[in-house]
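Residues per chain are reported as follows:
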Amino acid sequence: MLQQNPILKKHFYQYIQLLGLNKLGWHSPCYTLIMLKVMIVDNEIKRCKPLKQSLIDNGFDVVAHVENDVHLHDKYLAIKPDVVIIDTESPSRDTLENICVMSMHNLHPIVMFTHDGNKEQIKLATQAGVSAYVVGTIPSERLTPVIDAAVARFEEFKNLRSELSQAKIKLDERKVVERAKGLLMKQRSLDEVEAYEMLRSMAMKKNMKLADLSHQLIEAASMLIV
Amino acid sequence: MKKEIESQLTTTDSQSAVNANRRNFFKTAVAGAFGAAAALNIMPAGLQNMAYAAGSDAPELTEVKIGFIPLTDCAPIVVAAEMGFDKKYGIKIIPSKEASWAAIRDKTVNGELHAAHVLYGLVYGVQMGIGGQQKDMNVLMTLNHNGQGITLSNQLKDKGVKDGKTLKRLLENENRDYIFAQTFPTGTHAMWLNYWLAANGIDPIKDVKTIVVPPPQMVANMRIGNMDGYCVGEPWNARAIYDKVGYTVATSQDIWAEHPEKVLGTTAEFVAKNPNTARAMVMAILEASKYIEATENRAKVAELISQKSYVNAPKEVILGRFLGDYDNGNGKKWKDPNFMKFFEDGKVSFPYLSDGMWFLTQHKRWGMLKSDPDYLAIAKKVNRIDIYTEAAKALGVAVPTDPMRSSKLMDGVVWDGKNPAAYAASFKIKA
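One line per chain: the protein sequences are H and U, in this order. Quick note on numbering that gives the first Met the number 0: the first sequence kicks off at 0 and runs consecutively. Quick note on numbering that gives the first Met the number 0: the second sequence kicks off at 0 and runs consecutively.
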């Protein structure tokens, strides 16, 4: 029942904490079975905060969120998590690799680098940029929710970032067009509407984007007009 | 000359209905090569190479993504791609900058990268399944010798540490945790650092604490006092001196003159499926290596790789040691004959079996391998001397006849590839 009910799982741990049993080293088989200790290594607060919350909501024990830093090795040894979630592109991954080889805790990389695992899940995780390291053999039904939650949050964050960069590109484009317009107004003594019309018809004739043409115009001007 | 090519074209045509794409590719490539060859006045060589790429041995892939880490020795990949050596052999190399060696490994293993500029020992680590899943790997060629180093922090300089002996004395007299960083547990820098410490009587496992830090972050971490020393490739040792945070206590060539370092690595699966592409990569990179080797080209190469998209470090930080001009940041300047080498008439590039086996002996020495593997059989499987030889011969590059070479390391011990198990067990300090 505990396995199937996340809310109960969460509360179960709270009861243990409430009663101070965790401090007494209370280790019933039930308790150790439920609480996978997850460590998130991430600098992106907008990504890891919701991930942390969603893991806690699903009854996982998120023991730490550590930023990519040189103390990662020490922190890992102090916390001894069961699962570490990290961005595939994080430079700190090599620090974890060192722990994999040197530590006695049998930590090893999964997801991207595996023969057996779930192929579809691996693909999704790879695309989202989620890498995971686990200790020993954790059955996949216990691991899957952690990976899934990480993939979901990483995807969300990726979309957010690409929207942001799209918006920024649009803004930059507008700035470039404004500058090109200003240039034409000054050099050819045109008013704003005329300058814009001139740019637009030139872009159409050359079959170019207005922003690209404006950019070229500014580049050319910077070389020709000192 | 033109007729020759045309007749080859028609033979190819008549032989079979070879796939049209390849033929079209060939035609464009030849047209392109004619222009370029005529312009550069290198007609015969250009034609010879094109004919090679266009026969039945045409590369299976026309675009190859090769991963690299920002280090001076990524130069052969960058030069092959940026200066068009790749096109001569019918491929386009797309260099892909990676953030960690783990990413290089994963992406190579799952095929996202076709090949990589990679630590020699890492390839063998994956082959042996150390710290992760096992995958059959291949070394296609060695990319460079020498040009790595061990940097100590300026605090240690102030304590009078100037070599391994004085470091050992400090460790004995001032009892605290000493932290040393390297770049990957099975990689080359871990092995150089361990070897150097052990040769100076310091046990790298018991006497110091070792951590892993990505190469471009070494200097920043030393500046904030996170470590006493590190072992890494250039330019990150020169950079510590430039930034006044550390000094070079030993170069990797002090440990082993003409040691093997980075290789062009990929999976055995990739080579089995794409043998012609593998050979074309080796040919393009061999030619790039030859170009880089010439002293007169090194300033230009340093400039090229210093860019943000590659090493991302000031050109002057790269160039000095790239030319063999060493300054240890502790009052000693010298011209190093064993600076970073890329070619040496193919002596650098040849994937010697004894080089690959050496990394296995050190993995065994430091407890990463629990028992002695079949050193020679594994090296024969991993190091693709066959592919390398084909590529080298097509370019007229001499191929050594003996796949073993003999070297004397800093402690006077000779490694020649014979009796690897006895060699691995012979060290006084080991795991």
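Calculated from the structure, these hints are not laboratory results. These figures come from a predicted structure and were not determined experimentally. Please note: incorrect hints may appear among the correct ones.
[Unchecked claim] Straight-line Cα separation of at most 30 Å, DSSO-like style, residue types lysine-lysine; simulated pairs:
{"id": "1", "chain 1": "H", "residue 1": "K79", "chain 2": "U", "residue 2": "K158"}
{"id": "2", "chain 1": "H", "residue 1": "K122", "chain 2": "U", "residue 2": "K64"}
{"id": "3", "chain 1": "U", "residue 1": "K407", "chain 2": "H", "residue 2": "K36"}
{"id": "4", "chain 1": "U", "residue 1": "K134", "chain 2": "U", "residue 2": "K299"}
{"id": "5", "chain 1": "U", "residue 1": "K427", "chain 2": "U", "residue 2": "K158"}
{"id": "6", "chain 1": "H", "residue 1": "K169", "chain 2": "U", "residue 2": "K96"}
{"id": "7", "chain 1": "U", "residue 1": "K91", "chain 2": "U", "residue 2": "K161"}
{"id": "8", "chain 1": "H", "residue 1": "K174", "chain 2": "H", "residue 2": "K122"}
{"id": "9", "chain 1": "U", "residue 1": "K346", "chain 2": "U", "residue 2": "K407"}
{"id": "10", "chain 1": "H", "residue 1": "K79", "chain 2": "U", "residue 2": "K429"}
Hints, verified against the model:
{"no.": "1", "hint": "H/K79 with U/K158", "verdict": "violated (36 Å)"}
{"no.": "2", "hint": "H/K122 with U/K64", "verdict": "holds (19 Å)"}
{"no.": "3", "hint": "U/K407 with H/K36", "verdict": "violated (49 Å)"}
{"no.": "4", "hint": "U/K134 with U/K299", "verdict": "violated (38 Å)"}
{"no.": "5", "hint": "U/K427 with U/K158", "verdict": "holds (28 Å)"}
{"no.": "6", "hint": "H/K169 with U/K96", "verdict": "holds (27 Å)"}
{"no.": "7", "hint": "U/K91 with U/K161", "verdict": "violated (47 Å)"}
{"no.": "8", "hint": "H/K174 with H/K122", "verdict": "violated (39 Å)"}
{"no.": "9", "hint": "U/K346 with U/K407", "verdict": "holds (17 Å)"}
{"no.": "10", "hint": "H/K79 with U/K429", "verdict": "holds (27 Å)"}
Against the hints set out earlier in the document, violations occur for numbers 1, 3, 4, 7 and 8.
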